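Please work from the sequences and hints to get the whole structure.
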Amino acid sequence: MTSSACDTASPRCSSMMEVCEASSVSLREFGCEQSLLSRPDGSSSFVQGDTSVMAGVYGPAEVKVSKEIYDRATLEVLVQPKVGLPSVRERSQEQCVRETCEASLLLSLHPRSALTLVLQVLHDDGSLLSCCLNAACMALMDAGLPMSCLFCGVTCAINTEGEIITDPTAAQEKESRALMTFAIDSTERRVMMSSTKGSFSVHELQQCIAVSQEASEKIFQFYRDSVKRRYSKTP
Amino acid sequence: MAAGFKTAEPLEYHRSFLKENCRPDGRELSESRTTTLNIGSISTADGSALVKMGNTTIICGIKAELANPTVEAPGKGYIVPNVDLPPLCSSRFRPGPPGEQAQAASQFIADVIESSEVIKTEDLCIDRGKLCWVLYCDMMCLDYDGNILDACIIALLAALKNTQLPEVTINKETCAPEVNPEKRCGLHIHKHPVGASFCVFDDSILIVDPTAEEESLSTAQLTVVTDEEGRLCSLHKPGGTSLSGEKLQECISRATARQREIQKLIDKVIHSVKTAQ
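Just so you know, the sequences run in chain order A and B. Take our numbering: the final residue in the first sequence is number 1063, and no numbers are missing along the way. Take our numbering: the final residue in the second sequence is number 281, and no numbers are missing along the way.
Some hints here could point you the wrong way.
Across the chosen pairs, the derived CB separations fall in these ranges [said to hold, decoys possible]:
id, chain 1, residue 1, chain 2, residue 2, range
1, B, P90, A, S1060, 54 to 64 angstroms
2, A, E1042, B, T11, 41 to 51 angstroms
3, B, T223, A, S1060, 35 to 45 angstroms
4, B, C179, A, D878, 44 to 54 angstroms
Subject to a maximum C-alpha distance of 25 angstroms in a straight line, what follows is the list of computed SDA-like cross-link-like pairs (lysine to any residue) [what the hints assert, rightly or not]:
id, chain 1, residue 1, chain 2, residue 2
5, A, K895, B, G100
6, B, K268, B, G65
7, B, K272, B, N42
8, B, K195, A, G1026
9, B, K67, A, S915
10, B, K176, B, E186
11, A, K895, B, F97
Don't read these hints as lab results, they were simulated from the structure. Small disclaimer: the values here were computed from a predicted structure and weren't measured. Virtual Cβ for every residue (Gly too), placed ideally from N, Cα, C.
Below, the structure written as structure tokens:
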């Protein structure tokens, strides 16, 4: 088991999470724990402020004949809400996470097999989709599945004054006039997934993409640090 | 020969066309299919429209019902969109409960309605806290040949513009609502959102208005929804290969052009319906 923190200055800090300040982009404190479950082939729990998602990956395993694809693995993503049964909203989130993972995973290396990614929402305090994406990426890494690139999720909200807030809380999301979630890839920092709410101008969109790309640097650095710490001899 | 090539190597077949900057159906990369629109196709619905984009056919019917507003929003009515992809429209859909694609499409349409504010839900309120309209917008696909999201948005917008709601008065003595079907008035449409969908081939080539075959061979899809003021209502890209900011800008410019075309088309059809009456 490994706990990691997004603090680069004191890597041996005992606390699980640290505040990521510095530069103009401010994200809430985030943290991650990998291989915390024993049954799945890969698992992770990702926390962004009060938003928390747990992810488990099973596979490559045997696939149902009806879902079999002859030249690549079938990926199934399940998003479980905190209360109640998955609804249409969860289906749409599942689609976004699945297609993002499909693009980064090298699925053709495991033809005729099944991968299952289960995302359990533990608490939603805004930026849920980006937290799901981050948890998914960490779990896929933990499972050791071959990937062409990593990805991370960043949510931006534009409030009524026109300011851009990265990683908003549920209250900030409610007050915002537009909300955008992007998945950024680690190789070229380009947009893999985009899901928006509310209306906004083209200029605002380009600004938000730029801010997300900047924020993604921090998250990828955190990925790197947390994995480095996990595999280093002196934890 | 060509037919065999298409069946055996569909991706290579498409690539050989894309190399020459054209597509198997004779279109250019940034060319949409012919869009035809029929308004008021279902006489029993409160509003309806039928859209054909190439082979893709979507019919939208709007049913208005009276209901009680929710406690959280007493001054608002509500709109319930639903996209149905029956087994009739393509062999890829099986009978039974709606699949992921249909559910994701319904959610996307609901998000577009909310983001664009095509209709202010306050306008659907009849008596604050007591009575409001619910608009059930059912979009059914009759023929699936790709790009259903664009077709659904056009069908929905045209059907909403066609919707005539009867006048409702509340009887002071009995407190019961009385509907006067003789006197009807149209809805107030605030914005005209129109979508433009794109497919990415081989991580770099962008094509507009993809067919079902192009969708299944592509590496990413995205839909941009803009209104008449050029504001974006949605940039929906559910994963797939990544795109740079410049490519996105290209898509947005194409989407604003498409918005103007479609709005002109809707206005023309509504005008011709009016003059025919």
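Hint-by-hint comparison with the structure:
no. : hint                                    : in the structure
1   : P90(B) to S1060(A): 54 to 64 angstroms  : holds, 56 angstroms
2   : E1042(A) to T11(B): 41 to 51 angstroms  : holds, 47 angstroms
3   : T223(B) to S1060(A): 35 to 45 angstroms : holds, 37 angstroms
4   : C179(B) to D878(A): 44 to 54 angstroms  : holds, 46 angstroms
5   : K895(A) to G100(B)                      : holds, 16 angstroms
6   : K268(B) to G65(B)                       : holds, 21 angstroms
7   : K272(B) to N42(B)                       : holds, 11 angstroms
8   : K195(B) to G1026(A)                     : holds, 13 angstroms
9   : K67(B) to S915(A)                       : holds, 23 angstroms
10  : K176(B) to E186(B)                      : holds, 21 angstroms
11  : K895(A) to F97(B)                       : holds, 13 angstroms
Every hint, counting from the list given before, is met by this structure.
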